[in-house]
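Trainee: Given chain A, work out where chain B should sit, using these hints.
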Amino acid sequence: MRSGESSFTFSSMATPTRTGPPATTVRASFVVNDHDVEVEIDTRESLLDVLRERLELTGTKKGCDHGQCGACTVHLDGRRVVSCLTPAVQVNGCSVTTIEGVAGPDGELHPLQQAFVDHDALQCGYCTPGQVMSGLACIAEGHARDDSSVREYMSGNLCRCGAYTSIVAAVRSVADEAEG
Amino acid sequence: MRPFTYEAPDTVADALDALAAAGPGAKFLAGGTTLYDLMKLGVEVPPAVVDVHRLPELSQIDSNGPHELVFGAGARMADVAEDPVVARDYPALAESLAKAASQQLREMATVGGNLLQRTRCTYFRHGEPFACNKREPGSGCAAIGGLDRAHAVLGTSDACIATFPGDWPVALVAFDAQVDVLGPDGARTVALADLYREPGQRPDLETTLRPQELLLRIRVPATTIGRGSTYHKIRDRESYAFALASAAAAVALNADGTVADVRLGLGGVATRPWRAAEAEQTLVGRPLTAETARQAGEAAFAAASPGRENGFKIELGIRTVADALRIAGERATR
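Respectively, the protein sequence lines represent chains A and B. At position 99 of the first sequence the residue is numbered 99 (my numbering), and the sequence of numbers has no breaks. At position 108 of the second sequence the residue is numbered 108 (my numbering), and the sequence of numbers has no breaks.
Not one of these hints is a red herring.
In silico SDA-like pairs for lysine to any residue, Cα to Cα no more than 25 Å straight-line:
#	chain 1	residue 1	chain 2	residue 2
1	B	27	A	24
2	B	27	A	42
3	B	27	A	45
4	B	40	A	54
5	B	27	B	191
6	B	27	B	194
7	A	62	A	33
8	B	40	A	94
Rather than coming from a laboratory, the hints here were simulated on the basis of the structure.
Just chain A, with the same shape it has in the complex (with noise of 0.2 Å):
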């Protein structure tokens, strides 16, 4: 597409559009964890608190709700964002994985959510949730390769007990493991 083209036009007819014609509430559609789900929202609702407030999937966190703490991550289409962050009117015909869609279908632990345990990366856990959605994504980025990558794509996620040494060591394990 080259600047100038004639594709570009500027009819005064309403053009069809995705989403109908302009609103302040928006019947959307995506996926949570496997899970198709519909949804009448206000285009203010951010996907936290859609989340939260009107899918009762309350793992995810609210810190700063202004993308500045990591605690309400989640991924959308595979890439980990910042749900407070995200206008959940964006997130139509996509879909959602959360904390509640980490574990085994029996319960057990997610590899990177035993690593937690094991080498007791938390302690209020307030963060947990958002660290261990950026950690499996920063694994599976590739960025998990050494220490300091894992401090850097990890820096994100803000954790005020300080449990950064452990983090980076429970990431670095399960990172290791999937490299063999």
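Mentor: Just chain B, lined up with the frame of chain A:
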């Protein structure tokens, strides 16, 4: 947050139509990491947003062209940061993205939206009771004489000293990038250096974009100087912080070791992405040494004007420039 209508058209043409139909104050929404954040704070109050986040027309990355690199405005920062050609041939561009924000935010934010990221000035973000000419033109500036440690020392005015917070635009301005935009009056191309305004008496006017124009793509002229480049960023902590001072430096050396060409952009210290042309001129034809690099840094900050608590940025900025030139010079000789 004020109520707003939402639309997600499927094409660029439909998005432009939708924005025009939505009327005054409507905004394009991309990754949301600036706009939605500021809507939560009540600083941005668009009555309508048109989502361009997933338009396929805006998502392309082409780093293999013989003449230019092309980044669709909707490409994610994380994806461009890890593009292997960009990382190899233009490390300053890759590093400017990798050192920005956190990986979550880089996965969300777009390289086009990043150009329009708004200042982190606390008085701008947090509203009443603090005056802010950027937020409320004519109301005054609480940062001048206030808590100004993070504020700019270059390009300031008596109406605004807010720092431009971005990294990627600082690297782009050093490489003479251009942006293609499209609006109701058609398409045009703007040099990135001309996209930004200094605050002057109208700090609310931050760019030269016209109403309803949409950023389509960023184009960077291909250049071999890219290999000898770095984005050097100094922060209060090692990761996930805005720059106190940063420098995008690119160097090409002659066979005799003198500087053939040099590019220098500054971040964290200025009201807009800052090209330090005077500093570049001090280096051309001279050997790149600790002394000449330091002199270039001094030239870059010759016009700096410190406030109450940000005077440290001048010495820090000079050293950041000197260190960036050293790193770029080492890469240029490899």
